[in-house]
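These protein sequence lines map, in sequence, to chains C and W.
First residue of the first sequence? That's 1 in the working numbering, and the numbers climb one at a time after it.
First residue of the second sequence? That's 396 in the working numbering, and the numbers climb one at a time after it.
One or more hints might be untrue.
[Stated by the list, open to error] Between beta-carbon pairs, the in silico distance windows are: (1) W:Pro603 - C:Pro128: 29 to 37 Å; (2) C:Ala389 - W:Gln468: 47 to 55 Å; (3) W:Ala740 - C:Ala88: 32 to 40 Å; (4) W:Asn490 - C:Thr68: 36 to 44 Å; (5) W:Lys743 - C:Gly129: 50 to 58 Å; (6) W:Ser411 - C:Glu12: 24 to 32 Å; (7) W:Gly496 - C:Glu12: 27 to 35 Å; (8) W:Gly496 - C:Asp342: 43 to 51 Å; (9) C:Asp319 - W:Ala663: 42 to 50 Å; (10) W:Ala431 - C:Glu100: 45 to 53 Å.
[Unchecked claim] One-sided excerpt, in silico: chain C residues whose CB lies under 7 Å from chain W: (11) Val10; (12) Tyr30; (13) Asn50; (14) Ser119; (15) Pro140; (16) Thr162; (17) Ile174; (18) Lys280; (19) Gly282; (20) Pro287.
By construction, these hints were calculated from the structure, which means they are not laboratory data.
Heads up, the beta-carbon is just placed ideally off N, CA and C, and yes, glycines get one too.
Number of protein chains: 2
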Amino acid sequence: MAVVERKRIVNEQSYSYGATKSSIRELAAYAAARKAEIGPEKVFDFSLGNPSIPAPDEVREAIERALTLPSTQLHGYTPAAGLPDVRAAIAASLNRRFGEGSATADGLYLSCGAAACLSICLHALLNPGDEVIVIAPYFPEYRVWIETAGAVCVEVPANERTFEPDVDAVAAAITGRTRALIVNSPNNPTGAVYSADTLARLAAVIEPCGIVLIADEPYRELAYGAEVPWIPALYARTLVCYSYSKSLSLPGERIGWVLVPPAFPESARMVSALAGAGRKLGFVCAPALFQRVVAECLDVPANVAAYEENLKALTAILDENGFTYIMPRGAFYLWIRTLEPDADAFSKRARALELMLVASDSFGVPGWVRAGTCVSRDTIDRSAPAWAALAQSYR
Amino acid sequence: MAVVERKRIVNEQSYSYGATKSSIRELAAYAAARKAEIGPEKVFDFSLGNPSIPAPDEVREAIERALTLPSTQLHGYTPAAGLPDVRAAIAASLNRRFGEGSATADGLYLSCGAAACLSICLHALLNPGDEVIVIAPYFPEYRVWIETAGAVCVEVPANERTFEPDVDAVAAAITGRTRALIVNSPNNPTGAVYSADTLARLAAVIEPCGIVLIADEPYRELAYGAEVPWIPALYARTLVCYSYSKSLSLPGERIGWVLVPPAFPESARMVSALAGAGRKLGFVCAPALFQRVVAECLDVPANVAAYEENLKALTAILDENGFTYIMPRGAFYLWIRTLEPDADAFSKRARALELMLVASDSFGVPGWVRAGTCVSRDTIDRSAPAWAALAQSYR
């Protein structure tokens, strides 16, 4: 009997995470199937955060330059933290942008995109039973990674109006087990960019408790005129997670880094814990070719203007049809009020009109949907009648 | 006081894995420092498994062809399991080589090299307290990944003469908690290639207990005339982990796969558990560009001849100096008897002669060292006097 049981059992948590998928990925899969069925031009797929802007030409040029290196040097194992010259170049760039002393090569740990970086940070920090605060709405995978590291995900609703962190609510949620706070600015899904004032007040609340602030910053370069504060300058106990997925349009290549700022207490100890966490999870090194590529594209600006134009086009359609939404200051999503309390029902009604909008429930709040503006301009323009029909259906 | 403690504490296991490093990586770091100090030509670095043979030209050609694709298609997110056409191509290649019905696209899960694949398999299968059998000597990271998944690593010594698994010893080590067995053939570090007979006897022992065989096969293409049996044909409950690191000399690019063979019991459930484990750990998808590259290089033969020549050159030196070693039938290492019982002391004495040999203790057995034959021919030729001096020092 014991034998029969063992034959059937996989790790149930792994099975369930694999069988259910994230609701974002699930909607994207539905959209892909629909496109195959009725033609891609008839489906208005706002589900994913897959950049619609091509990688800059500098990426291709850097790949071609890298191909002139000897193959064993180019494709060989790199140190677990990344190539020393690549880390030095990234540190130098951060110091130019955010002031001398912001970063060192030794404080950088390269890995497979921001997802890997966050997972590694959490495994480097957490012990079973620890608590991690997230600001709702939040990227749903945070909960998966926090729970996988054996900790508890504690949701704290954002300020209802600004979608910045509600500092008093964060203070009220802190317990003796609170170990970390994840902050994502520019924010997915709301587009909020947290002000220096908010971040300073947040720092004042978490500092006495020794809480680590994990800054998840894949959208740092995508801000529409707003200043994105450099958080380690406001709070030393910050780990910055960065990815080139959005700024260089390389999400499939899985390349990003964690920074332990020089001012982080016992920073060398933290760096070792990151290396150990990466090793534990099976991340041997970040992809070697793309380590070199991003090092040569550090000063290439993200194509913010293209996303800003998309935003204008989509908000014009929403305005015409009486939708309310949060005007994003960064990232490439629109956070739109649903026309009924049940976001999931609203998302399903939109889906019947071939409009793919992610219900807010999976982000930890009711009553909203997320529409990615990282789509082709053509998709936005063609979607206008569907938005009109959606609004009409609620009148 | 609680606050002060929390300020100091990172996850101790992560810290310790990061602070200690694997002994292989540690020796490689020492070798790199020595090369910088006295010149690379004076250091005989046999520490790492970093291929010395360039990637075949087909890799560069495939990269260049991929660069003609639209950037958002080339560098965008792929499905978590990998691009469907890439998985179909890999499955077709496996079916050509090992017989129809060996693989399906749906049974393949691409990830960041064999390390990620093994870590994902273990997290997909194991529950806390489960036991996983490894055949000693074994790749030391197996223990790290098994323990990270909450399970217990049970070492079973290989047959002393052949270094194939000792089937009776495996049978004796099975308990009610044994969940998996990791098999690595061609073997790192011994070069043993497990025979179909041994594998069939092993299967007969683990089958009644429902134990999953995890076949770690990065060296499959590197066999010196020996046949490498296709294990799923002998045992259905097998997960195959493969990497292109060695066969295509791409270890830094982190690309490989797990196969759930069609005959695996409840295979769809296992596939979901793999997807969930990958998601839990932060592996979003395998690097997109190299997914396409390997799909175009499936029929490119590995350069076995070059490693075989290295092997001949190094064994000639060892023979001249009276060393005993296991003649490898695959992989690219030589497993050499130490001239004193303490392998670590022997490795240190070799190191003083600039010969970098990994002591067997970290592989779970005493009395041997591992020398990688994946080095330049020049390194082998220049190392002859150091081997002579090492042997002489024990006379």
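Hints and how they fare:
1. W:Pro603 - C:Pro128: 29 to 37 Å: Distance hint for Pro603 of chain W, Pro128 of chain C holds at roughly 35 Å.
2. C:Ala389 - W:Gln468: 47 to 55 Å: Cβ of Ala389 of chain C to Cβ of Gln468 of chain W: about 30 Å, so the range 47 to 55 Å is violated.
3. W:Ala740 - C:Ala88: 32 to 40 Å: holds (37 Å)
4. W:Asn490 - C:Thr68: 36 to 44 Å: Cβ of Asn490 of chain W to Cβ of Thr68 of chain C: about 37 Å, so the range 36 to 44 Å holds.
5. W:Lys743 - C:Gly129: 50 to 58 Å: violated (42 Å)
6. W:Ser411 - C:Glu12: 24 to 32 Å: Hint holds: Cβ distance 29 Å, inside 24 to 32 Å.
7. W:Gly496 - C:Glu12: 27 to 35 Å: holds (29 Å)
8. W:Gly496 - C:Asp342: 43 to 51 Å: This hint holds: roughly 47 Å between Cβ atoms.
9. C:Asp319 - W:Ala663: 42 to 50 Å: With Cβ atoms ~46 Å apart, the hint holds.
10. W:Ala431 - C:Glu100: 45 to 53 Å: violated (27 Å)
11. Val10: holds (4 Å)
12. Tyr30: Hint on Tyr30 of chain C: violated, closest Cβ of chain W at ~13 Å, above 7 Å.
13. Asn50: With Cβ-Cβ at 5 Å, under 7 Å, it holds.
14. Ser119: Constraint on Ser119 of chain C satisfied, holds at 3 Å.
15. Pro140: This interface hint is violated because 11 Å lies over the 7 Å limit.
16. Thr162: violated (30 Å)
17. Ile174: violated (11 Å)
18. Lys280: This hint holds: Lys280 of chain C lies near chain W, its Cβ roughly 4 Å from the closest one there, short of 7 Å.
19. Gly282: holds (3 Å)
20. Pro287: Because about 5 Å separates Pro287 of chain C from the closest Cβ in chain W, which is inside the 7 Å limit, the hint holds.
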